[in-house]
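S.K.: Chains as they are written, first to last, in the numbering used here: chain A, 1 to 297; chain B, 1 to 349; chain C, 1 to 327.
I should point out that these hints are in silico values taken from the structure, not numbers from a laboratory.
Don't take each hint at face value.
For each label pair, taking beta carbons as the anchor points, the in silico distance ranges come out as [as the list claims (entries may be wrong)]: (1) B:D136 to C:L321: 52 to 62 Å; (2) C:V106 to B:P149: 50 to 60 Å; (3) C:K3 to B:P313: 23 to 33 Å.
Only part of the chain B face toward chain C is listed, based on derived beta-carbon distances under 8 Å [stated by the list, open to error]: (4) M95; (5) S211; (6) N218; (7) L238; (8) Q275; (9) R292; (10) L295; (11) M303.
From the three backbone atoms N, C-alpha and C, an ideal C-beta is built for every residue, glycine too.
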Amino acid sequence: MSGKAAKRRAASQWAVAWRRFKRNKSALIGTSIVAFFVIVALLSQWIAPYPPRSYEPLYEGVAGTPPSWQHPFGVESSGIDVFSEVIHGTRNDLYVGLTAAFLTMIIGIFVGALGGYFRGIVSDVVLGLTQVFFVIPTLLLILLFARIFFQLVFKGFGLTLIVLILSFFGWSGTAFIVRGETIRVREMDFVQAAKSLGAGSKRLLFRHIVPNILSPVIVITTLNIAGFILTEVIVSFLGFGDANTTTWGLLLDEGFAYVRTDWWVALFPGLAVVFSVLGFNLMGDGLSDALNPRLRE
Amino acid sequence: MERTQFARTELSMLTDSGPLLRVRSLIKHFDVVERGIIGRKKIGEVHAVDNVSFDIARGETLGLVGESGCGKTTTGKVLLFLETPTAGSVNFHGMDVFEVFGKRGRAPDARKLRRGMQMVFQNPYTSLDPRMTVFDILSEPFVIHRNIPKEEWKERVYELLRMVNLEEYHAERYPHEFSGGQRQRIAIARAIAVDPEFIVCDEPVSSLDVSIRAQILNLLSDLQQKKHFSYLYISHDLSSVRQISHRVAVMYLGEIVELAETNSLYDNPLHPYTQALISAVPVPDVKHRTTRVILPGEVPSPMNPPNGCRFHPRCPYATDICKRDPPAFEDRLVKGHFVACHHADKFVR
Amino acid sequence: MAKLLEVTDLHTYFFTEAGVVKAVDGISVSVEDGKTICLVGESGSGKSVTAQSVLRIVPRPGRIVGGTIRFDGEDLLAKSEAEMRKMRGNKMAVVFQDPTTSLNPVYTVRKQLADILLLHKGLSKDQANKTALGLLEKVGISDPEKRLNAYPHELSGGMKQRIAIARALSCEPKLLFADEPTTNLDVTIQAQVLELLKQLQKEYGMTMIMITHDMGIVADMTERVTVLYAGKVMEEADTTTLFTSPKHPYTEALLKAVPSVAETRALEVIPGNIPNLIEPPLGCVFHPRCKYAKDVCMKEQPEWEKVSEGHYAACHRWRELSLQGRS
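Using the sequences plus the hints, can you model the full thing?
M.R.: Printed below as a string of structure tokens:
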């Protein structure tokens, strides 16, 4: 490489990836959508006209009315304002999606790295455990656990519980990828070089291996956010969720029966789901392209 | 400033006696396993390194040559305990290397060994952590060994960069911003950061362009002159090995078949495999006419090495005894020139 | 003797995000019918891209942007893709560097050989099979019947390369490109494959262009050499002349930097690095590393000048310098 010091573009792999990401139109669209939802979620308390699960519109006499200026998304027959609820739902669903994805990432990295770095018994046990969690029908078990915890044990524990259940059943995908990547990176020369310098396992794992496997993990975590939102929607839609907490799935459940008459009750939450999932998927795809390890010289 | 020419470090300039490194009966077998639903079953063994012994003196370069699968890279890795040995011993400066590394936990002896024995890897594109700056890479030894106070790190790193003919401003950059030759210099700088005495160089120039190779070979030789490093120079490129090594060992299927002083080995090879190997290399000279010894067949699998002399299936001189008895590795015919062949006396000039 | 291939002032550029990579920047090369020539150069010299350009298989984002290519009297650049496809594998063939990736891992050897024969020669399946068998025997593969049914991963590197050669020769091409055919092979196997190529070239009487960075192979295998550097031609001569009396500083430097297994000699280092092809040096592209460089070398590109019959060099100072070859 020619040239002296002075000005030159930041060259860390993150900086390079960021520049690539910025050039990708669909990634930017996805990120804008996500940003929009995040802002809505953060400001939900102030922009939603009514508190969550409020029947106030009933007393205003507008129950069951289609979209209008005062009630942009219409009102349910029970009096719940759909616009307000979709906003509250945004906050809750995003919370579930982001937190579950984050937890899954942490567990997945931890388990996967250990399983990939060590050989012998540790590796076999981790692999077996991951495989078990990977193949079991998670949706059914999630529904089961949700029913047990929500209806029987922790009435009203709410979203955090759902997050925990989703993470408990969702880490295996990430763990698999992390394990595979760890095995690949473990054998690479620069890890062997650090070992020959005297680095111990802890340093090899956290200073060398993990930073080099983050790329696929980031991508899969972003896509997981969308996946977890969808799972939550299914759980609540089927009636297994917490009936006291507003989520898009709950709204879809409420609006499902009236789809032919009060079509607005299901439509707007549905659109919210579609767009948020789309946004995260586009962002995840963009990240995948940007973080592609094939760095052109 | 780099010299424009180099030649082998003169061995007579070195004062130390007694080997720095003593390798005896080194064995490394890899298990071939089949994985079942639970547990695994061993279905075979790869005899990567089988009974390898040699000494290296202080300031000496021992070349280790052979084709793929002969076990030369594995030998280098086992010396540094990057692969666990199956049997044998390595003695460095009086310390039993395997015993020190075998103990659980990082004894201060292990640290000392890590500082004394280092490695330069073949592929400069994968031997540097792509997420670390050059400064991080070169200061990592200081972090691990805690032998240099933090205030001095910057100066030390700059000094290392100067020693390998790079610039100070290179320290802030990332590996991917450098060419192959420059990366290899960084790798060398990293290896010498701990002030080692012995460095395993595993094909350090094979991935580099021809016009860059001489630069790196020159650098290694320069450093050896200044700091009296001992090198185990592993390569399949017989031409460059000839230039940099004081002695050369030839490996075939996990065994050393010949070991001698460089000119002696190249000008008068006593083992049929060495002869074939040397005659097979194209010579960049229009007047040179070799009678090529073309070996039949392929290199047999190290999983099932042949009986007797491992080379006999491809050897043009093989007789009955070669199929039965593994030949002894000795310097009976020419002092200091070791060879394992029943018929070596035929080739002595 | 008629020239089978004539490449004149070829320019092939790669239009990448980082800039325009001038991989081939004015290369002219020609070869006479039945001869073996060599394109020698390091990475970035443009030797492989030149071969790709002739076959018109330059990968995106690369494109031929200038020059002419005449093969057997025809203008290759004027041909349509369909016409080129009829020529590839048929009139011109390539043996690539890595047989592991140039052979398709999911097809048997038989299928890969027979496919070409069915495609270009319109043979029946039976005839194709027989021909394939014969080809394997010709390239010295033992137990050819068994190998025909094998998959590439079941075979050793040397065997795979022989099969790649068999595949290249299956339609008896007029021109064979061998792009670093032995670089990935072990030394003793390399010797086998080089001998095989020599023998086949004699037998088929085909024209061969050997692409390599190994000066030993150049000395051993070829009659004429073209030395490339950073996308341009530095020198062209017959092999003996190039080695004994080179006229270009790069050639001299290369000969001095290359070790030989036959002697111990001090190697001379070439300082610096291979230049960035997006912004190549002004003037002579080699001047930053040339120990004879003068002012004119930094400003003007040297002309392609005739040194003697069949010997050409692109250097401002070739007349004044007395360069050393290998004696």
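S.K.: Now tell me if each hint is right for this structure.
M.R.: How the hints compare with the structure:
At roughly 46 Å, the beta carbons of D136 of chain B and L321 of chain C sit outside the given window of 52 to 62 Å. At roughly 59 Å, the beta carbons of V106 of chain C and P149 of chain B sit within the given window of 50 to 60 Å. K3 of chain C and P313 of chain B have their C-beta atoms about 47 Å apart, which leaves the hinted 23 to 33 Å range violated. Because the beta carbon of M95 of chain B sits about 34 Å from the nearest beta carbon in chain C, more than 8 Å, this interface hint is broken.
Interface hint status for S211 of chain B: upheld, as the beta-carbon distance to the closest one in chain C is roughly 4 Å, under 8 Å. Against a cut-off of 8 Å between C-beta atoms, the interface hint on N218 of chain B holds, since the closest Cβ of chain C lies about 5 Å away. About 5 Å separates the beta-carbon of L238 of chain B from the nearest beta-carbon of chain C, less than 8 Å, and the hint is met. Of the supplied interface hints, the one on Q275 of chain B is violated, with its beta-carbon coming no nearer than about 11 Å to a beta-carbon of chain C, more than 8 Å.
With a cut of 8 Å, the hint placing R292 of chain B at the interface with chain C holds, because the nearest CB-to-CB distance is about 6 Å. The beta carbon of L295 of chain B comes within 5 Å of a beta carbon in chain C, closer than 8 Å, and the hint placing it at the interface holds. Checking M303 of chain B against chain C by beta carbon gives a least distance of about 14 Å; that is not within 8 Å, so the hint is violated.
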